[in-house]
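Q: The listed protein sequences derive, respectively, from chains Z and U.
Each residue of the first sequence is one higher than the one before, starting from 1 at the first, in our numbering.
Each residue of the second sequence is one higher than the one before, starting from 1 at the first, in our numbering.
I should point out that these hints are in silico values taken from the structure, not numbers from a laboratory.
Quantities reported herein were computed from a predicted structural model and do not represent experimental measurements.
We put the beta carbon where it would ideally sit given N, CA and C, even for glycine.
Be aware that one or more of the hints could be misleading.
Stated by the list, open to error - Partial list, derived from the structure: chain U residues whose beta carbon lies under 10 Å from chain Z: (1) H108; (2) D136; (3) P139; (4) G140; (5) A156; (6) K158.
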Amino acid sequence: MEGKIIVVTSGKGGVGKTTATSSIGAALALEGNRVAIVDMDIGLRNLDVVMGLENRIVFNIVDVVLGRCKVEQAAIRDRRIENLFLIPASQSDNKDVLTTAGVERVAKQLRAKFDYIIMDSPAGIERGFENSVVSADEALVICTPDVSAVRDADRVIGLLYARSLNPKLIVNRIEPARVMRGEMLSHEDVLEVLSIDLVGLVPMDEKVLISSNTGTPLVLQSDSKAGAAFRRIARRLNGEEDLPIEMPVYKTSMWQKISKTFGLKP
Amino acid sequence: MIHFENAAPVKLKGVGGGFWVTLDTSRSEELLITEMDKLFTKLRHLAVNANVVIDMGDARGHEPLFSLIKTRLIEKFEVGRVTTPPQKQSVPTQRIRQRDLSKGWNHHRSDVLMLRGRVRSGQKIDTGKHVVIFGDVNPGAEIIAGGDVVVLGRLAGKVHAGNPKNETAIVFALVFDPTSVKIGSVTAAGSEEISHTIPEFACVKDGGILVQDYMKTHPFRKMPWPEPV
Ligand SMILES: Nc1ncnc2c1ncn2[C@@H]1O[C@H](COP(=O)(O)OP(=O)(O)OP(=O)(O)O)[C@@H](O)[C@H]1O
Ligand SMILES: [Mg+2]
């Protein structure tokens, strides 16, 4: 069976594309799939750092697309998780070195070798975005609960639809306490504007930073709420579509619960 | 002009609260007055204080005859008011009925662009027509219409109705929350206020843009019949 290419996009930068790509990729591999994570953020590579694999890079995705090496030579095996591979971005090249035709040719080879290929795209909607989505079978849009991220995600969703992709949404960095205080948009607010299928809600979690700084997979940390959310997202993408979406919750006192019932603002 | 012998020069008809007198102005003044005297003499006290309408067909040029009759009826028969037929009503009433029944919209080519779905950030709808959208207009989206803009959903983007110079255009939304509104050449920035969940519309008034509760103040309530656009 042919593998599936899932592109992770957002429009706005810094909302969690790289975090989501590495976590969902790792979780899909833990589910028993053969997974390749591809860093399409040419010139700003960081998936290798997040995954703790930067010391092992020999070839990168640009080398593969330009025919300087084979897919197998560029794919780095993860240190901890079996069947998880990273094809890194090149640090030095400009993103214009890739062509959509070249990416599509490599995509075909990747589909033959892996069950899932997760592509981390650069921020923005230019050439790098184009190269990332050209061969995708599915698209994930990452959005944080703030007005500018929603605006950019909306733009990207329009572009994905225009390329016959049916994007699914992940809302990242949710802070239930701030949502309750009305300081932050709720995921309902985000969904109201974007109105696409939701695959997961990921809470703000300090473990994310710790995990990327130490190069240890977030999804292997049993006490990480974000890691748990990404594992459930992976299961949903892996066929368990009906797995319920857990809402990040903020433990409220009895009194606040009561006042909420009556529609009063605490 | 041909006259039939049996066509009465003066006809009298009772109408609610008074009398309607039709005069054949092609007959001589004396004949008309004699005939009228006869009829009103018969009416006697019924004529007292009654409202009398003198219908001379096309009354133009017969003003002296009308005032002569008016004075005579008031002085001799003590009628109340003497008037000519209410001009404004009779002719247009007929036309209204015709138009109301004509169902002209069966052959009407619409000036409306009707769309379904969500207009997303970065997307732009630009048309010389009126625009009706079943769906929402997101922040960062833009609608430009030659006529009205109707959003059956949340309007949160940028909107220009009546492009370029039609200041009679309106913008309507079920949830009215645009970032900016322009009608014709009048512009207004979106309000900081939390949007109400009542249908509202914007129009140009006194050189500015006014947003109002649609159900209370929409401009179409006084139209006599529905018109196709
Ligand atoms: N759920 C989360 N909780 C806490 N921190 C998070 C979470 N998700 C992402 N972060 C942090 O936010 C920052 C940006 O994340 P990340 O690099 O994944 O975003 P990105 O969309 O890939 O950015 P870029 O557009 O620059 O590639 C990182 O420091 C990451 O650790
Ligand atoms: Mg990134």
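Q: Each hint: holds or not?
A: Now the hints, each set against the structure:
{"no.": "1", "hint": "H108", "result": "violated, 33 Å"}
{"no.": "2", "hint": "D136", "result": "holds, 8 Å"}
{"no.": "3", "hint": "P139", "result": "holds, 6 Å"}
{"no.": "4", "hint": "G140", "result": "holds, 5 Å"}
{"no.": "5", "hint": "A156", "result": "holds, 8 Å"}
{"no.": "6", "hint": "K158", "result": "violated, 12 Å"}
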